[in-house]
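Please build the complex by placing chain B on the supplied structure of chain A, with the hints as guidance.
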Amino acid sequence: MSNDRYSRQSFLGPDAEARIAACTIGIAGLGGGGSHIVQQLSHIGFQRYVIYDGDEVEDSNLNRLVGATSADALAATPKLHLAKMMIYSLQPKARVAGFPCKWQEKPEPLRECQIVFGGVDSYQGRHELEVACRRYLMHYIDIGMDVHGTEKPVIGGQVILSSPGGPCMRCMGFLSDELLAREAALYGNAGPRPQVIWPNGVLASTAVGLAVDLVTNWTRQGRRHAYLVYDGNASTVKESATLRNLASGSCPHFPDGEVGDPVLLEL
Amino acid sequence: MKIHIKLTGVLYGQIMADLVRPHPFAAERVGFVFGRMGSLNDGKLILLKRYASIPDAHYVDDQMVGARIGPSAMTWAMQEVYRSKGAREGIFHIHLHGHAGETAMSSTDAREIPAMIPGFQSVGRDAAHGIIIVSRNHGSGWVWLPASTQGVEAAQISVIGAPVGVFERRSAR
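As you go down the protein sequences, you meet chains A and B in turn. Sequential numbering from 49 applies to the first sequence in this note's numbering. Sequential numbering from 889 applies to the second sequence in this note's numbering.
If we strip away everything but chain A, and leave its shape as in the complex, we get (with noise of 0.2 Å):
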């Protein structure tokens, strides 16, 4: 460690700090997890980022995202400029490509990136960032909440590290066509879904982790893959069952060496 701010955090290697620094980490969705995923980042000492977001900032908001205040609310700043504020305020050399927009409008920037982070509110847009990260060979850490049922609420949520040549959310039993199929059909129906501060940041921290782990290795456990399970009512993260039960490590979804831009194959 080359001065004393990360001082406490010198376990994670000697070079931890030049790693951390060279890696270009995506978030996609800078909201109720994406703040919290942003901040922490920032701490720990990331100056590389791509984002994306292209909401503003409203009261409804203000219960669970991080650096937003009723100022805020009332001027209507846009997410990206909070995330980008917090960013500098703690990275004043960083690189952020920022923009006001879905991924998914603006795709090659996140091709730069060795992480993304998605904090997307859909069954679907996780398909597509997953595609994508295995496309253009990019870790993928995926981070959701919901809360099932009114009279006894359940708190439920997951982590999922996604990597290019290991098993997908698919595999892991966290996706499938049925569900996206399911999404599909509520298309603009769904209402808006709860969402609070503290699972959020239960399920940022715990994904940031898993990418602290994936740059510096500081566990030893050359972790490629997870599926973490959050029970907000219980407040804990477990292991699912499935990623461990999952016979091997390839993926038949996503096989190896489909990878770059698609072209059309003569016939």
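I should point out that these hints are in silico values taken from the structure, not numbers from a laboratory. Here the structure is a predicted model, which is why all the values come from computation and not from measurement. Accuracy of the hints is not assured; some may be wrong.
Claimed, not checked - Within a straight-line C-alpha distance of at most 25 Å, the following computed SDA-like cross-link-like pairs (lysine to any residue) qualify:
id : chain 1 : residue 1 : chain 2 : residue 2
1  : B       : LYS937    : A       : VAL179
2  : B       : LYS973    : B       : THR991
3  : A       : LYS286    : A       : GLU306
4  : A       : LYS141    : B       : PRO959
5  : B       : LYS890    : A       : GLY146
6  : B       : LYS890    : A       : VAL179
7  : B       : LYS890    : A       : ALA69
8  : B       : LYS890    : B       : THR991
9  : B       : LYS937    : A       : GLY270
10 : B       : LYS890    : B       : GLY1039
11 : A       : LYS286    : A       : ASP194
12 : B       : LYS937    : A       : GLY146
13 : B       : LYS937    : A       : ASP309
14 : B       : LYS937    : A       : GLU306
Same frame as chain A, now just chain B:
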């Protein structure tokens, strides 16, 4: 034109494991790695996808250079490029310099390896081809985009594994 090269940690491990093996007479080993292009905002990605080791018998005993491969290895490489031309898969000559840190082409590398590129371009004209040199913990790459007669040095090689590796040209930092 910015060029980034990416490969998975599994492929990187496979390449390194092969290249560090001693050869019966050559001082170093050579391999071929195949990859496809992806678009960046202001450049190109090269996404490496598979590695081919060169059998011992395909080396030529030449003590003037670290390693020299013979016509059978070159013929095989050209055939592979031709076979994969529909998918626009290019070929990259790869070898290891056994030191740590940033590396570059030696004078012999610079004289001899780029001369292979026009041959690869002749059988795979829509693909990018090139040269990659890895050290013990770093790497550099030179990429000839389709129809280009000049190689462009890659600004970065990323190993998407655990741990993630980002090998950057000093001038690109």
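Each hint tested on the structure:
With a C-alpha separation of about 16 Å, the suggested pair B/LYS937 and A/VAL179 falls inside the 25 Å cut-off, and the hint holds. For the proposed pair B/LYS973 and B/THR991, the alpha carbon gap of about 30 Å is over 25 Å, so the pair is violated. Taken as a hint, the A/LYS286 and A/GLU306 pair is broken in the structure, with Cα atoms around 32 Å apart against an allowance of 25 Å. As the CA atoms of A/LYS141 and B/PRO959 are separated by approximately 51 Å, the hinted pair breaks the 25 Å bound.
Under the criterion of a C-alpha separation no larger than 25 Å, the hint pairing B/LYS890 with A/GLY146 is consistent with the structure, at around 19 Å. Our distance criterion of 25 Å between C-alpha atoms is met by B/LYS890 and A/VAL179, whose separation comes to about 24 Å. Proximity of B/LYS890 to A/ALA69 is assessed by CA-CA distance (about 20 Å); at most 25 Å being required, the pair is judged to hold. Under the criterion of a C-alpha separation no larger than 25 Å, the hint pairing B/LYS890 with B/THR991 is consistent with the structure, at around 19 Å.
Between the alpha carbons of B/LYS937 and A/GLY270 the distance comes to roughly 21 Å, so the proposed pair stays at or under 25 Å and holds. For the suggested pair B/LYS890 and B/GLY1039, the alpha carbons sit about 12 Å apart, so the restraint of at most 25 Å is met. Restraint check for A/LYS286 and A/ASP194: satisfied, since their Cα atoms lie roughly 16 Å apart, inside the 25 Å limit. With a C-alpha separation of about 30 Å, the suggested pair B/LYS937 and A/GLY146 falls outside the 25 Å cut-off, and the hint is violated.
For the suggested pair B/LYS937 and A/ASP309, the alpha carbons sit about 13 Å apart, so the restraint of at most 25 Å is met. Distance restraint check for B/LYS937 and A/GLU306: the Cα-Cα separation of roughly 8 Å lies within the 25 Å cut-off, and the hinted pair is therefore satisfied.
The structure does not agree with the numbered hints 2, 3, 4 and 12 stated previously, though it agrees with the rest.
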